[in-house]
Amino acid sequence: MQVSFTPAEIAAIAQPKSTRGATTATICGIAALSDAAPGDLSFLGNPKYKTTVAATRASLVLLPVDYAGEPLPDQLFLFVENPSVALARICARIEQALWPKPAPGIHPTASVAPGARLAASATVGPLCVVEAGAVIGERAHLQAQVFVGREARMGDDCWLMPGTVLAAECVLGARVRLQPGAVVGSDGFGYEFTAGRHEKVPQLGTVEIGDDVEIGANSTIDRARFSRTVVGEGTKIDNLVQIGHNVVIGRHCLLCAQVGISGSTTLADFVVLGGKAGIAGHLAIGQGAKVGGGAAVTSDVPAGAFVNGNPAIPLQLERRLVILHQRLPELFKRVGALETRLG
Amino acid sequence: MQVSFTPAEIAAIAQPKSTRGATTATICGIAALSDAAPGDLSFLGNPKYKTTVAATRASLVLLPVDYAGEPLPDQLFLFVENPSVALARICARIEQALWPKPAPGIHPTASVAPGARLAASATVGPLCVVEAGAVIGERAHLQAQVFVGREARMGDDCWLMPGTVLAAECVLGARVRLQPGAVVGSDGFGYEFTAGRHEKVPQLGTVEIGDDVEIGANSTIDRARFSRTVVGEGTKIDNLVQIGHNVVIGRHCLLCAQVGISGSTTLADFVVLGGKAGIAGHLAIGQGAKVGGGAAVTSDVPAGAFVNGNPAIPLQLERRLVILHQRLPELFKRVGALETRLG
Amino acid sequence: MQVSFTPAEIAAIAQPKSTRGATTATICGIAALSDAAPGDLSFLGNPKYKTTVAATRASLVLLPVDYAGEPLPDQLFLFVENPSVALARICARIEQALWPKPAPGIHPTASVAPGARLAASATVGPLCVVEAGAVIGERAHLQAQVFVGREARMGDDCWLMPGTVLAAECVLGARVRLQPGAVVGSDGFGYEFTAGRHEKVPQLGTVEIGDDVEIGANSTIDRARFSRTVVGEGTKIDNLVQIGHNVVIGRHCLLCAQVGISGSTTLADFVVLGGKAGIAGHLAIGQGAKVGGGAAVTSDVPAGAFVNGNPAIPLQLERRLVILHQRLPELFKRVGALETRLG
Numbered sequence: 001m002q003v004s005f006t007p008a009e010i011a012a013i014a015q016p017k018s019t020r021g022a023t024t025a026t027i028c029g030i031a032a033l034s035d036a037a038p039g040d041l042s043f044l045g046n047p048k049y050k051t052t053v054a055a056t057r058a059s060l061v062l063l064p065v066d067y068a069g070e071p072l073p074d075q076l077f078l079f080v081e082n083p084s085v086a087l088a089r090i091c092a093r094i095e096q097a098l099w100p101k102p103a104p105g106i107h108p109t110a111s112v113a114p115g116a117r118l119a120a121s122a123t124v125g126p127l128c129v130v131e132a133g134a135v136i137g138e139r140a141h142l143q144a145q146v147f148v149g150r151e152a153r154m155g156d157d158c159w160l161m162p163g164t165v166l167a168a169e170c171v172l173g174a175r176v177r178l179q180p181g182a183v184v185g186s187d188g189f190g191y192e193f194t195a196g197r198h199e200k201v202p203q204l205g206t207v208e209i210g211d212d213v214e215i216g217a218n219s220t221i222d223r224a225r226f227s228r229t230v231v232g233e234g235t236k237i238d239n240l241v242q243i244g245h246n247v248v249i250g251r252h253c254l255l256c257a258q259v260g261i262s263g264s265t266t267l268a269d270f271v272v273l274g275g276k277a278g279i280a281g282h283l284a285i286g287q288g289a290k291v292g293g294g295a296a297v298t299s300d301v302p303a304g305a306f307v308n309g310n311p312a313i314p315l316q317l318e319r320r321l322v323i324l325h326q327r328l329p330e331l332f333k334r335v336g337a338l339e340t341r342l343g
Numbered sequence: 001m002q003v004s005f006t007p008a009e010i011a012a013i014a015q016p017k018s019t020r021g022a023t024t025a026t027i028c029g030i031a032a033l034s035d036a037a038p039g040d041l042s043f044l045g046n047p048k049y050k051t052t053v054a055a056t057r058a059s060l061v062l063l064p065v066d067y068a069g070e071p072l073p074d075q076l077f078l079f080v081e082n083p084s085v086a087l088a089r090i091c092a093r094i095e096q097a098l099w100p101k102p103a104p105g106i107h108p109t110a111s112v113a114p115g116a117r118l119a120a121s122a123t124v125g126p127l128c129v130v131e132a133g134a135v136i137g138e139r140a141h142l143q144a145q146v147f148v149g150r151e152a153r154m155g156d157d158c159w160l161m162p163g164t165v166l167a168a169e170c171v172l173g174a175r176v177r178l179q180p181g182a183v184v185g186s187d188g189f190g191y192e193f194t195a196g197r198h199e200k201v202p203q204l205g206t207v208e209i210g211d212d213v214e215i216g217a218n219s220t221i222d223r224a225r226f227s228r229t230v231v232g233e234g235t236k237i238d239n240l241v242q243i244g245h246n247v248v249i250g251r252h253c254l255l256c257a258q259v260g261i262s263g264s265t266t267l268a269d270f271v272v273l274g275g276k277a278g279i280a281g282h283l284a285i286g287q288g289a290k291v292g293g294g295a296a297v298t299s300d301v302p303a304g305a306f307v308n309g310n311p312a313i314p315l316q317l318e319r320r321l322v323i324l325h326q327r328l329p330e331l332f333k334r335v336g337a338l339e340t341r342l343g
Numbered sequence: 001m002q003v004s005f006t007p008a009e010i011a012a013i014a015q016p017k018s019t020r021g022a023t024t025a026t027i028c029g030i031a032a033l034s035d036a037a038p039g040d041l042s043f044l045g046n047p048k049y050k051t052t053v054a055a056t057r058a059s060l061v062l063l064p065v066d067y068a069g070e071p072l073p074d075q076l077f078l079f080v081e082n083p084s085v086a087l088a089r090i091c092a093r094i095e096q097a098l099w100p101k102p103a104p105g106i107h108p109t110a111s112v113a114p115g116a117r118l119a120a121s122a123t124v125g126p127l128c129v130v131e132a133g134a135v136i137g138e139r140a141h142l143q144a145q146v147f148v149g150r151e152a153r154m155g156d157d158c159w160l161m162p163g164t165v166l167a168a169e170c171v172l173g174a175r176v177r178l179q180p181g182a183v184v185g186s187d188g189f190g191y192e193f194t195a196g197r198h199e200k201v202p203q204l205g206t207v208e209i210g211d212d213v214e215i216g217a218n219s220t221i222d223r224a225r226f227s228r229t230v231v232g233e234g235t236k237i238d239n240l241v242q243i244g245h246n247v248v249i250g251r252h253c254l255l256c257a258q259v260g261i262s263g264s265t266t267l268a269d270f271v272v273l274g275g276k277a278g279i280a281g282h283l284a285i286g287q288g289a290k291v292g293g294g295a296a297v298t299s300d301v302p303a304g305a306f307v308n309g310n311p312a313i314p315l316q317l318e319r320r321l322v323i324l325h326q327r328l329p330e331l332f333k334r335v336g337a338l339e340t341r342l343g
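As given, the protein sequences belong to chains A, X and D, one line each in that order.
Take 1 as the starting number for the first sequence in the numbering used here and just add one per residue.
Take 1 as the starting number for the second sequence in the numbering used here and just add one per residue.
Take 1 as the starting number for the third sequence in the numbering used here and just add one per residue.
Where hints are given, some of them may not hold.
The list makes no distinction among identical chains, and a pair is therefore deemed to hold if it is satisfied within one copy or across any two copies.
[Said to hold, decoys possible] Straight-line distance between alpha carbons at most 30 Å, and here's what the computed DSBU-like set of lysine-lysine pairs gives: (1) K50 <-> K333; (2) K290 <-> K101; (3) K333 <-> K101; (4) K200 <-> K333; (5) K50 <-> K101; (6) K17 <-> K333; (7) K48 <-> K101; (8) K48 <-> K200; (9) K290 <-> K17; (10) K200 <-> K17; (11) K101 <-> K200; (12) K50 <-> K200; (13) K200 <-> K290; (14) K48 <-> K333.
FYI, nobody ran anything at the bench for these hints, they're computed from the structure.
I would like the entire structure built from these sequences, with the hints used as guidance.
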């Protein structure tokens with residue numbers, strides 16, 4: 001990370017409610033409070049690290065408005081409502097400075113079919129393939145070695161990283177990010193067993209991804225049998241996640257790494273699935289429900305519930321059962337003692 | 001899905017035993033009974049939806065021969081032995097109409113080594129790489145950005161989707177489909193620990209994939225240490241599945257998403273592994289055995305058995321233990337009560 | 001595998017302490033003792049197969065120095081300290097013979113940015129992309145369709161297989177192997193929930209991979225939020241493994257397939273994680289610790305410990321609890337009997 005911002009430039013992005021102290025340093029990096037050196041920006045994101053602020057050597061510190069301490073010499077405090085959010089905003093600006101989108105246009109090594117419709121402001125990088133009938137929105141960025149199938153469409157400001165696949169007829173909203181190797185629109189897993197063989201059921205539907213969705217590296221989202229597999233606006237999907245055909249995911253969900261969702265299951269909005277959680281097919285997961293890491297969900301989950309374990313049950317019960325399970329040796333002994341006493 | 005078939009064209013594919021009613025509609029889509037609109041084809045695949053047939057607005061309905069109801073006006077019933085199979089056959093035809101294979105030949109942006117042998121009817125799409133000595137069968141379709149390593153071979157009518165890798169010397173039968181990002185022939189995971197380090201054991205074997213196998217998006221199949229990793233004819237593998245080196249999988253198995261099979265394990269024919277199931281190495285899974293989703297198999301499974309849980313045990317026992325496990329709070333109370341009574 | 005070595009050539013690589021017998025055969029293959037035919041090399045890697053040596057038809061057998069038997073006619077025994085290590089060394093030579101690295105240079109279909117710095121001995125294969133500022137070491141091999149982002153760097157003798165991604169600013173040591181589809185430097189999974197939405201926290205850090213690391217097919221390693229995600233020297237990572245942002249992995253660890261490690265967790269040296277194991281975030285796993293396949297680690301693991309289960313606990317206890325769990329039906333009966341006796 002090679003960056004260079006003046007404290008005034010940082011303040012212009014963070015828009016602090018108030019400030020304390022001053023620094024002449026140029027900001028060249030970001031670091032945790034305890035790791036920071038002069039020239040670094042740091043922040044108090046979690047109140048439990050409050051005591052480390054006094055000792056930080058960072059030149060500039062983002063702090064919550066109720067923080068009471070004084071800066072060191074040549075140190076500037078910026079007081080903001082939410083230091084983590086302010087930091088995210090600063091980082092977004094740094095990201096653009098670090099990795100600016102290449103100029104619009106089609107790289108000479110890309111293979112774009114005659115019938116494709118590309119916004120003039122879009123960038124199609126080296127060795128990408130865009131098939132006939134595909135539609136690419138304004139400022140979209142196909143970085144390198146991306147595949148966009150026939151009649152596939154994407155909205156404005158999408159970023160498809162190297163090696164991503166958007167299969168035929170699938171649709172991305174605006175500002176969608178596909179991390180490297182993500183696949184949108186692979187065939188659903190459907191077969192009819194007949195005459196001693198599994199005959200393929202062609203998967204003729206599509207995938208529709210809402211605005212502001214992010215899909216992690218090497219994750220896979222299957223196209224529907226007919227109709228659509230859906231990922232709602234603002235949902236974020238981590239790496240190596242599998243979404244089966246005809247799944248419908250609501251808005252602003254979080255799916256951590258290696259999650260798997262079987263076919264035709266629906267998630268309402270604001271659902272959170274921990275890493276490696278698996279959801280069986282044809283289930284309904286209610287709004288705001290949470291599933292613990294590694295849990296195996298085999299029945300519907302009501303809105304707001306937090307389930308865990310295999311099979312997944314309400315978290316409180318699951319925690320209690322884990323403790324009792326570890327007391328089984330004691331229980332066997334107690335029962336044996338009772339039997340001995342009764343002769 | 002933009003299609004257009006006459007009822008007569010559909011009937012020619014489905015070859016009904018008998019028909020009832022008539023329709024003048026052109027068939028433009030496929031939908032579930034309750035979702036269908038005029039112009040749609042629908043079907044009764046599962047008897048439990050029988051009562052929804054009477055209310056469907058589909059113009060054409062595939063029904064089992066024993067269905068007794070009458071069609072609406074402008075509605076045609078086709079009676080077939082297995083509506084799901086008939087539908088699959090119709091969908092296969094639609095798939096060809098939707099996504100016709102491009103004309104044979106090598107795209108000018110593909111990189112094909114001089115020593116490769118391609119059938120004249122094969123299609124090598126944009127930005128594919130075919131190394132020396134590779135053999136590509138009749139009508140095979142390398143869609144885009146596919147890699148075929150040296151001396152690798154594939155039979156007739158294979159379809160390798162974007163970003164797939166068939167590594168050196170590995171072999172595909174006929175009609176094999178690789179979904180986007182699938183890797184056939186990565187190195188097995190083998191090391192010797194010597195002098196405080198893990199020294200790589202080169203993986204010199206290959207992978208052999210039988211006819212009619214399908215491999216899901218971003219799944220990985222490792223080459224053998226020596227000899228071969230094998231996937232038998234007709235076996236279907238979902239997304240993000242890992243097959244270790246020297247694994248031998250029988251014919252007509254189903255491996256659901258995110259399954260993992262460790263090295264040297266063998267599966268007989270017709271085995272079914274639920275999503276996220278894991279099988280330890282050097283085990284034998286018998287013919288027709290079933291493993292539940294998320295199960296961890298740590299010992300051989302006899303033919304015909306259904307195992308579940310971690311570690312996997314026979315399903316009946318596992319179900320019973322889950323119920324008793326959830327009654328642990330009660331059991332602790334009962335034992336406590338006994339102790340109190342005995343003073 | 002098409003190879004041809006004289007017994008003298010094999011002996012020159014294996015450097016035996018002593019030999020017994022002789023053969024005129026040319027060595028054309030490698031096979032297990034019981035599968036080997038004349039012309040094959042075989043080996044006794046595991047003492048439990050000792051009795052199969054006498055019956056093997058292999059022309060050349062690698063044996064431990066304390067093996068007492070006599071060779072058949074036209075059979076040569078080579079006695080070495082560790083037959084498996086000797087075999088690995090022979091296989092490495094065969095691997096080079098089978099799959100020689102192409103000549104140095106940039107394939108005409110590759111897209112290399114002007115500002116990239118490539119060693120003259122490096123090979124950049126067909127349809128690779130190398131962005132500006134990237135640095136490629138001596139004899140490095142970018143096989144085909146590889147992506148190397150801006151300012152990324154790799155040491156000498158790296159091998160990046162087809163479809164691999166080394167994202168911007170990430171760093172590989174020397175002799176690193178990336179299996180097909182591996183992604184180094186995808187964004188970490190970080191969001192701030194604000195105003196009812198998950199706002200992306202840009203991931204501005206990098207990934208640093210040590211010397212002699214191998215990363216499996218379609219595995220994903222996320223870049224740090226700031227600073228670095230680290231994989232230490234000599235660590236081997238299997239297929240479909242997920243490494244979260246800011247994870248620090250020590251030297252000479254083994255991570256089996258489908259492992260997942262959440263953000264900011266640290267592994268000391270020589271840690272072994274079984275297949276499908278999951279480690280929660282912000283944990284510390286001590287030196288030489290072992291985690292069983294499918295285990296879910298939710299708290300720190302001390303050096304040298306072996307944990308298993310979900311949640312993971314010491315292996316001995318976990319094994320005992322599994323057995324007692326399977327005796328729950330009996331325990332419920334015994335408690336019922338006690339209750340009956342007490343009336």
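Each hint, compared with the structure:
In this homomeric assembly, K50 and K333 never come within 30 Å of each other (Cα to Cα): the closest approach is 48 Å inside a single copy and 45 Å across copies. With identical chains, the CA atoms of K290 and K101 are never at most 30 Å apart, being 36 Å at best within one copy and 44 Å at best between copies. Taking the shortest Cα distances, K333 and K101 never come within 30 Å of each other, neither inside one copy (68 Å) nor across copies (65 Å). In the homo-oligomer, the alpha carbons of K200 and K333 never lie at most 30 Å apart, since the shortest distance is 55 Å inside one protomer and 49 Å across protomers.
Neither within a single protomer nor between protomers do K50 and K101 lie at most 30 Å apart by alpha-carbon distance, with minima of 37 Å and 55 Å respectively. Neither within a single protomer nor between protomers do K17 and K333 lie at most 30 Å apart by alpha-carbon distance, with minima of 64 Å and 57 Å respectively. For the homomeric pair K48 and K101, neither the shortest alpha-carbon distance inside one copy (38 Å) nor that between copies (54 Å) is at most 30 Å. In this homomeric assembly, K48 and K200 come within 30 Å of each other (Cα to Cα) only across copies, at 23 Å, whereas the closest approach inside a single copy is 55 Å.
When the C-alpha separation of K290 and K17 is checked against a cutoff of 30 Å, the pair qualifies neither within a copy, at 35 Å, nor between copies, at 50 Å. Taking CA atoms no more than 30 Å apart as the test, K200 paired with K17 passes between copies only; the shortest distance there is 23 Å, against 61 Å inside one copy. With identical chains, the CA atoms of K101 and K200 are at most 30 Å apart between copies only, with a shortest distance of 18 Å across copies and 42 Å within one. Taking the shortest alpha-carbon separations for K50 and K200, only the inter-copy value of 24 Å comes in at or below 30 Å, while the best intra-copy value is 59 Å.
Only between protomers do K200 and K290 lie at most 30 Å apart by alpha-carbon distance; the minimum there is 20 Å, versus 35 Å within a single protomer. For the homomeric pair K48 and K333, neither the shortest alpha-carbon distance inside one copy (43 Å) nor that between copies (40 Å) is at most 30 Å.
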